[in-house]
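Chemist: Protein chains in written order, with the numbering used here: chain A, 1 to 294; chain B, 1 to 294.
Some hints could be false.
[As the list claims (entries may be wrong)] Just the calculated beta-carbon pair ranges, DEER-fashion:
| hint | chain 1 | residue 1 | chain 2 | residue 2 | range |
| --- | --- | --- | --- | --- | --- |
| 1 | A | R93 | B | K222 | 39 to 47 Å |
| 2 | A | Q17 | B | G20 | 31 to 39 Å |
| 3 | B | H251 | A | T56 | 31 to 39 Å |
| 4 | A | R143 | B | D128 | 52 to 60 Å |
| 5 | B | G279 | A | E114 | 28 to 36 Å |
| 6 | A | Q17 | B | W264 | 42 to 50 Å |
[Said to hold, decoys possible] Computed footprint of chain A on chain B; a stretch qualifies when at least three of its residues, placed anywhere within it, have a C-beta under 8 Å from a C-beta of chain A:
| hint | segment |
| --- | --- |
| 7 | 33 to 47 |
| 8 | 111 to 119 |
[Unchecked claim] One side of the interface only, derived from the structure: several residues of chain A facing chain B at Cβ under 8 Å:
| hint | residue |
| --- | --- |
| 9 | I27 |
| 10 | D29 |
| 11 | W185 |
| 12 | N189 |
| 13 | R191 |
Honestly, the hints are just simulated from the structure, not real lab data.
Each residue gets a CB set at the ideal place from its N, CA and C atoms; glycine is no exception.
Protein chains: 2
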Amino acid sequence: MTHGEDALVARLQRALQRHGRGVVAGIGDDCAAVTGPGRGLLLLKTDCVVEGRHFTSRDPAAAVGWKAACRAVSDIAACGGRPAHALVTCVVRAAQTKRWLDGVYRGLDKAGREFGFDVVGGELSRTDGPAVISVAMTGTVARRALVRRAGGKPGDVLFVTGVLGGSLASGWHLRFRPRLDEASWLVANFRVRAMMDLSDGLASDLPRLARAGGTGFVIDPKSVPRRRGASLKQALGEGEDFELLFAVPPHEADRLEREWGKRWPKLRLTRIGLLAAAGTREGLGRARGYDHFA
Amino acid sequence: MTHGEDALVARLQRALQRHGRGVVAGIGDDCAAVTGPGRGLLLLKTDCVVEGRHFTSRDPAAAVGWKAACRAVSDIAACGGRPAHALVTCVVRAAQTKRWLDGVYRGLDKAGREFGFDVVGGELSRTDGPAVISVAMTGTVARRALVRRAGGKPGDVLFVTGVLGGSLASGWHLRFRPRLDEASWLVANFRVRAMMDLSDGLASDLPRLARAGGTGFVIDPKSVPRRRGASLKQALGEGEDFELLFAVPPHEADRLEREWGKRWPKLRLTRIGLLAAAGTREGLGRARGYDHFA
Numbered sequence: 001m002t003h004g005e006d007a008l009v010a011r012l013q014r015a016l017q018r019h020g021r022g023v024v025a026g027i028g029d030d031c032a033a034v035t036g037p038g039r040g041l042l043l044l045k046t047d048c049v050v051e052g053r054h055f056t057s058r059d060p061a062a063a064v065g066w067k068a069a070c071r072a073v074s075d076i077a078a079c080g081g082r083p084a085h086a087l088v089t090c091v092v093r094a095a096q097t098k099r100w101l102d103g104v105y106r107g108l109d110k111a112g113r114e115f116g117f118d119v120v121g122g123e124l125s126r127t128d129g130p131a132v133i134s135v136a137m138t139g140t141v142a143r144r145a146l147v148r149r150a151g152g153k154p155g156d157v158l159f160v161t162g163v164l165g166g167s168l169a170s171g172w173h174l175r176f177r178p179r180l181d182e183a184s185w186l187v188a189n190f191r192v193r194a195m196m197d198l199s200d201g202l203a204s205d206l207p208r209l210a211r212a213g214g215t216g217f218v219i220d221p222k223s224v225p226r227r228r229g230a231s232l233k234q235a236l237g238e239g240e241d242f243e244l245l246f247a248v249p250p251h252e253a254d255r256l257e258r259e260w261g262k263r264w265p266k267l268r269l270t271r272i273g274l275l276a277a278a279g280t281r282e283g284l285g286r287a288r289g290y291d292h293f294a
Numbered sequence: 001m002t003h004g005e006d007a008l009v010a011r012l013q014r015a016l017q018r019h020g021r022g023v024v025a026g027i028g029d030d031c032a033a034v035t036g037p038g039r040g041l042l043l044l045k046t047d048c049v050v051e052g053r054h055f056t057s058r059d060p061a062a063a064v065g066w067k068a069a070c071r072a073v074s075d076i077a078a079c080g081g082r083p084a085h086a087l088v089t090c091v092v093r094a095a096q097t098k099r100w101l102d103g104v105y106r107g108l109d110k111a112g113r114e115f116g117f118d119v120v121g122g123e124l125s126r127t128d129g130p131a132v133i134s135v136a137m138t139g140t141v142a143r144r145a146l147v148r149r150a151g152g153k154p155g156d157v158l159f160v161t162g163v164l165g166g167s168l169a170s171g172w173h174l175r176f177r178p179r180l181d182e183a184s185w186l187v188a189n190f191r192v193r194a195m196m197d198l199s200d201g202l203a204s205d206l207p208r209l210a211r212a213g214g215t216g217f218v219i220d221p222k223s224v225p226r227r228r229g230a231s232l233k234q235a236l237g238e239g240e241d242f243e244l245l246f247a248v249p250p251h252e253a254d255r256l257e258r259e260w261g262k263r264w265p266k267l268r269l270t271r272i273g274l275l276a277a278a279g280t281r282e283g284l285g286r287a288r289g290y291d292h293f294a
């Protein structure tokens with residue numbers, strides 16, 4: 001005989017398959033125990049989706065689980081790493097049934113299968129307010145492959161993958177694919193000096209990348225790749241694009257553009273400008289990204 | 001110029017000191033990057049506190065941060081490990097000011113100083129409902145020191161540390177000290193076959209420990225150590241005790257009791273019963289632990 005929470009945990013656990021390696025103890029112990037990154041570095045990331053802000057009660061539960069997981073995968077990709085293990089905290093309303101949670105876990109499991117991580121633990125709790133799904137994820141990266149926000153130099157060429165803006169209207173925010181393989185390929189083949197994923201909009205995220213490296217930036221707003229139907233304001237400020245923003249030294253830029261098209265013919269890569277001397281901030285105008293606390 | 005969220009992150013970051021080692025990249029990058037556990041195992045745990053359930057708006061914010069961190073430390077201790085790094089997700093109401101978040105981070109930092117972990121990242125978001133503070137924590141443990149819930153054998157002696165019950169009424173749930181040093185000492189000096197921390201009450205947690213090992217249990221309810229003023233029902237079922245429940249082989253039990261008193265003279269250790277053949281469940285009566293989903 002198991003109580004409600006134990007039975008629910010067992011039910012959710014059945015939705016999860018093993019996609020990776022190195023799990024010594026998983027769901028059902030006080031902690032998960034896994035093998036570490038060996039001589040590499042361990043990447044740690046946590047991210048959450050809040051009902052009414054990042055998803056609605058009308059969105060398919062599996063898409064909510066997919067999004068919750070893929071947000072963290074996107075950050076691990078942007079550091080040059082690969083995801084390994086995930087812990088999931090679900091704080092849910094009474095109206096969110098077991099079936100809804102099953103759906104969330106199906107989405108988490110699908111993301112684990114696609115991107116090679118295992119859900120090894122989590123926590124369930126109740127709330128009277130909006131549901132919160134929080135995903136903590138580990139990843140691994142070789143020391144020499146770690147890419148940070150800092151590291152860009154004035155003159156480095158700025159690129160973005162994909163198209164920006166209209167993520168909410170198009171539903172991209174629920175079904176995006178983190179640029180994991182693309183980021184691994186970039187780091188393996190080019191000198192990527194600085195990289196991050198675009199989650200709050202270029203107008204918030206580019207200044208962060210520049211500030212982290214002690215540089216400024218000059219971009220051409222007309223060059224910013226927009227999703228069909230998205231305005232420039234949306235492309236700069238809406239957020240939830242989950243594309244890569246990165247900087248490479250000038251002599252790498254041409255070779256990258258040539259090789260990108262051969263390797264990733266279906267995904268657009270756009271040169272949007274340059275890093276510049278500290279203090280220079282050109283091309284964003286008065287655009288602002290998304291800020292929970294503005 | 002930084003936006004609201006960036007400024008808030010910078011403010012909270014100032015509350016955090018470095019208590020451990022091995023942080024290559026921390027707050028301000030897409031992920032934290034840290035050194036791994038070497039040849040040992042990596043422990044992973046996530047736990048959350050929800051306003052109105054695990055704390056109230058009248059509780060001191062620093063105590064809320066302390067509790068959020070120490071719940072995870074308690075689980076890492078119960079696996080025989082030591083905490084290393086933490087990620088903190090704060091989903092807060094508009095009425096929860098910067099000062100309230102400062103307090104939460106002071107509590108997190110204090111726990112880090114006491115128990116030797118660093119907060120290396122996190123996430124801030126807004127909610128219109130109860131606040132949620134979720135802490136994901138890593139730890140390290142030598143392979144031979146890992147203790148799980150499974151592993152107990154019929155005849156093993158069951159012990160609990162401290163006293164049980166009355167955690168809410170006494171305020172223990174906000175100021176408890178995870179039994180980290182005690183657990184490390186136990187694992188280093190005795191054959192601890194199974195261990196867990198008591199978070200949902202002995203009446204929920206003991207059956208979990210027994211089930212994990214394929215055993216039953218016989219306890220003497222009169223032997224269960226109670227906090228002053230707590231009834232047996234409260235000691236068995238209230239939860240949030242954050243004491244250790246563990247099983248050692250019979251020949252270790254007497255030696256443990258002698259040495260415990262010398263090493264930990266201020267902390268009670270109580271023999272409450274034995275693991276037994278599967279199916280045997282004696283001594284809990286109709287007591288039930290806390291269950292979010294009962």
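Chemist: Determine for every hint whether it applies to the structure shown.
Modeler: A quick look at each hint next to the structure:
no., hint, verdict
1, R93(A) <-> K222(B): 39 to 47 Å, "holds, 41 Å"
2, Q17(A) <-> G20(B): 31 to 39 Å, "holds, 34 Å"
3, H251(B) <-> T56(A): 31 to 39 Å, "violated, 60 Å"
4, R143(A) <-> D128(B): 52 to 60 Å, "violated, 43 Å"
5, G279(B) <-> E114(A): 28 to 36 Å, "violated, 42 Å"
6, Q17(A) <-> W264(B): 42 to 50 Å, "holds, 43 Å"
7, 33 to 47, "holds (count 14)"
8, 111 to 119, "violated (count 0)"
9, I27, "violated, 11 Å"
10, D29, "holds, 5 Å"
11, W185, "violated, 18 Å"
12, N189, "violated, 20 Å"
13, R191, "violated, 18 Å"
Violated hints, listed in ascending order, are 3, 4, 5, 8, 9, 11, 12 and 13; each of the other numbered hints is respected by the structure.
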